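Work the whole structure out from these sequences, hints included.
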Amino acid sequence: MFFSSGLVAVLLMVLQWTRPGLPSPLRPICDPRVLDRFIKEARDIELAMRSCREGCSLSEPLFVPLTSVNFAVWEKEDVSEETLYCKQAQEVQSGLWLLAQAISAVQVSVTSTELHTLLDNSHSNIHNIVQVIRSLKFPEYIPPPDGTVHEDTWRVSSTLELFRVHTNFLRGKVRLLLSHAPACHHDTS
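When we follow this note's numbering, the leftmost residue of the sequence shown carries the number 353, and every step to the right adds one.
Just so you know, these hints were derived from the structure itself, not from any lab.
The structure presented is a predicted model; accordingly, all values stated were derived computationally and were not measured.
We put the beta carbon where it would ideally sit given N, CA and C, even for glycine.
Each hint should be verified, as a subset may be incorrect.
Said to hold, decoys possible - Here are the in silico distance ranges between beta carbons for each label pair:
#: 1; residue 1: P495; residue 2: P384; range: 25 to 33 Å
#: 2; residue 1: D472; residue 2: P534; range: 29 to 37 Å
#: 3; residue 1: V460; residue 2: R402; range: 16 to 24 Å
#: 4; residue 1: Q459; residue 2: E492; range: 22 to 30 Å
Structure follows, in structure tokens:
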């Protein structure tokens, strides 16, 4: 049976959290090496897209999340910490949803088996990261039913741009969210 490395990481995290009778260790996703693995895989597909010649062009631009972080908004002091983390989690989950939608659109046009496998892994990794965020007790993101796109987006016109955004989104907003998650600092005193 074939498991992607992302799925194995998520399974290990769940098994670690469910061991009866042992004190709760720092969650594995709080260990930056876990996210680094997802980032490395995103970077690998970004590099693979540089060499893609056939079946990798986009028929129309795709919406992707902004990767820049407005620290004034992300570190507001005039709202409760819980409200701030929930807002950040919604922004990250919204961005992951957009990336998953864009990758699904690319999967339809890719003809290379190798690239299709990379796209499947990338889509699976996004799903695994969303599951990790949910496991940290953040509210679940519900995509808009009418398909409207959030204002904090932009359009990419190539698969290379798409996967550059994917890598940078993981390096930036996802890393910030997970590194500041209350669950990652719960038992550190």
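If I claimed the Cβ atoms of V460 and R402 lie 16 to 24 Å apart, would that claim hold in this structure? For R402 against V460, whose Cβ atoms are near 21 Å apart, the range 16 to 24 Å holds.
Return holds or violated for the Cβ distance of Q459 and E492 against the range 22 to 30 Å. For Q459 and E492 the Cβ distance comes to about 24 Å; the hint holds.
C-beta pair D472, P534: status relative to the range 29 to 37 Å that was hinted: Holds, at about 33 Å.
When you take the CB atoms of P495 and P384, is the distance between them in 25 to 33 Å? holds, 28 Å
Checked against the numbered hints given earlier, this structure breaks none of them.
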